[in-house]
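Start from the sequences, fold in the hints, and give me the full structure.
There are 2 protein chains.
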Amino acid sequence: MNTPKGFLFSAVEAAIKKPGRKDLALIFSEGEAVVSGMFTKNNIKAAPVRLDMKLIKSGKGQAIIVNSGNANACTGKQGMKDAVEMAELAATALGLKPNNAYVCSTGVIGTLMPMERIRPKVSELANNLGKASIDDVAAAIMTTDTFPKTISKRIKIDGKTITISGVCKGAGMICPDMATMLCFIMTDANIEKSALNKALKIAVQKSFNRITIDGDMSTNDTVLVMANGMVGNKPIKANSKDFEVFAKAVSDITYELSRMIVKDGEGATKLVEIEIRNAKSDKDAEKGAFAIANSMLVKTAIYGNDANWGRIMAALGYSGIAIKEEKTEIFFNGLKIVTKGMGIGKDKEANEKLKSKEIKIVVDLHLGKGTAKVLTCDLTEDYVKINAEYRT
Amino acid sequence: MNTPKGFLFSAVEAAIKKPGRKDLALIFSEGEAVVSGMFTKNNIKAAPVRLDMKLIKSGKGQAIIVNSGNANACTGKQGMKDAVEMAELAATALGLKPNNAYVCSTGVIGTLMPMERIRPKVSELANNLGKASIDDVAAAIMTTDTFPKTISKRIKIDGKTITISGVCKGAGMICPDMATMLCFIMTDANIEKSALNKALKIAVQKSFNRITIDGDMSTNDTVLVMANGMVGNKPIKANSKDFEVFAKAVSDITYELSRMIVKDGEGATKLVEIEIRNAKSDKDAEKGAFAIANSMLVKTAIYGNDANWGRIMAALGYSGIAIKEEKTEIFFNGLKIVTKGMGIGKDKEANEKLKSKEIKIVVDLHLGKGTAKVLTCDLTEDYVKINAEYRT
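Residue numbers (numbering that gives the first Met the number 0), protein chains in the order written: chain B, 0 to 391; chain E, 0 to 391.
Certain hints may be false.
Where chains are identical, the list cannot tell them apart; a pair therefore holds if satisfied intra-copy or between any two copies.
What the hints assert, rightly or not - Derived lysine-lysine pairs resembling DSS-like cross-links, with alpha carbons at most 30 Å apart:
id: 1; residue 1: K347; residue 2: K80
id: 2; residue 1: K339; residue 2: K40
id: 3; residue 1: K354; residue 2: K384
id: 4; residue 1: K159; residue 2: K326
id: 5; residue 1: K59; residue 2: K130
id: 6; residue 1: K326; residue 2: K372
id: 7; residue 1: K4; residue 2: K368
id: 8; residue 1: K359; residue 2: K384
id: 9; residue 1: K262; residue 2: K372
id: 10; residue 1: K372; residue 2: K40
Derived from the structure by calculation, the hints contain no laboratory data.
Rendered as structure tokens:
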């Protein structure tokens, strides 16, 4: 996979939760980069999230040290000390200014970081820079994910070829608001801080903020984007034509990554897109789509290949949005099954449609012009199993 | 079981969803009764709910005809015609004024009522009055319920012994707001309409409105209470001492029935009470308790005997209520496991506590005087199985 100029990767085994896999990774830019970030809106924020929210005020950075196996959330003052120490260890090993290294963690909540196992590994991590690929980083940050999630895109701006790469992890406790579990985007584009912020915000709004696996918002959601300017284009400004090209590419990347997260939802067998059309407002459309996407009854019906559209109507009904039963239409993968709020006898055909791996449910409310799409997955016995046994 | 004077019951098989069980029932009062009701706040309401909401304006009634197997929801104009016909058939068979018979339905959404199978059964239903017990009615209204739910209480008022009996069904699509799936309360007390309304509202607020199985609010939630006055006490007025006694008994009944509903939640193996203490407000306490109770991650952890309190912290965090991590305490069945927002190394002992069939989780926020209790159950593979296969 093509990665942007000047970015190096590393991953080592620190046996944070248990031995047997690489679980500590490093993303490093050879030059100082402009950094934007978005963080969980959960009132309970993990220590590294609170640390990064401080660091990012500088708008600059050069490294991200990240671990799986432990979220460093609900760990009190010691947790913050540990996050700060991880940042300092990384900065020292890399010869960076303190404050130029960000920290991210994912995994079990409520357990102190095993610093005695992390401390001795940071110099090895720094020394190994360049020996690992972006896919190795993706693998190291996996928790219950079943596949690593990376993507790259190339665009032309100012006569230069710019590369943007993204890596993320997901799987459970996924109902982000402002960001998802962990996502890192790197680019060699030269871009102003305000433009980078804007591109990230647009991208996250229609991707990570529009997915849900289980309706549980994490304590650790973080998206960081680093732009090191190493291709030497003239700086991209917000509201320019170049900005549109750049922002579109970032949005494509976050959308593809968010699809991967949902596809790899814990226990999921199907990727489901819920689209609400012609709601009274965009806000209504989003609220209605999330109510359907988070309904356990809708999710289990999809798993069971049962086009039980009554559960969709019930979810729309309790979502609190404006709805007229007698105007509502529902489509499963292009097949109309509900018109004027009533079934039209196509449930058997719809059950067949549900056997595909990708399901698109469209609800047309015929009330206004509001629209929204939300990605989710089905709910299976395996989700229950994975989460009943997560800490054992 | 003792039932109130003047109430008769009946149940027959109409093979509404499939043959092999009684699925059509009748509750009849020999004298006209004062009737109060509370109904789902879901914007999509089943036809019988909309019909009963009209009928109850009279404040009077004498019969309830109720079926399982079909919810008569999302059935358009024909659905309303069918509900009206069911009421008329019952009124005619019983020699009642039209408008004195209420109709309730529960079961699959989106399928027209098989009126050709119901029509010929209504006179049999009326003729059989007195041959069935309240438990037979409870059995006839079950869907995925595994046991019938009934309760009776006796109180003394004005020197008379008053009996209050309740019957309900639950199991899935349970997150009521104003009422639960179906619940009928009968009493031989003589009580003014306004007092009956008030007693019901108080009772429902702390019982059916404080339970959740899957967070899915039904289209059919209905509670009806009938008071026929047949013991001949002088009428109970609101704000009297007699009212307190009566209201307490109704509250006890709805609380016990709501516990039965949660205990019999689809696939549930455990009854879980979530109590929030010392929240900033009662509203915060209720919101926080529901966020925990509806968290799939909390529910699966409880199923897996994993005292994963981090998921409780995360749910509190995203619920949006006021919280100070460093003040929060969590107890599992009386055992403190979190203090000042951090674990105190008692997770193994807490895992043992989780092996009991009844779990009490207390969260003390140490922020104010707000308090709330919500009942829920664990989330198991069987919930998924039941709901993946519900219509097959």
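Tested hints:
no. : hint        : verdict
1   : K347 - K80  : between (58 Å within a copy, 26 Å between copies)
2   : K339 - K40  : between (38 Å within a copy, 21 Å between copies)
3   : K354 - K384 : both (23 Å within a copy, 17 Å between copies)
4   : K159 - K326 : neither (51 Å within a copy, 54 Å between copies)
5   : K59 - K130  : within (25 Å within a copy, 81 Å between copies)
6   : K326 - K372 : within (20 Å within a copy, 39 Å between copies)
7   : K4 - K368   : neither (43 Å within a copy, 57 Å between copies)
8   : K359 - K384 : both (26 Å within a copy, 23 Å between copies)
9   : K262 - K372 : within (15 Å within a copy, 36 Å between copies)
10  : K372 - K40  : both (21 Å within a copy, 26 Å between copies)
This entry does not satisfy hints 4, 7, going by the numbered hints stated previously.
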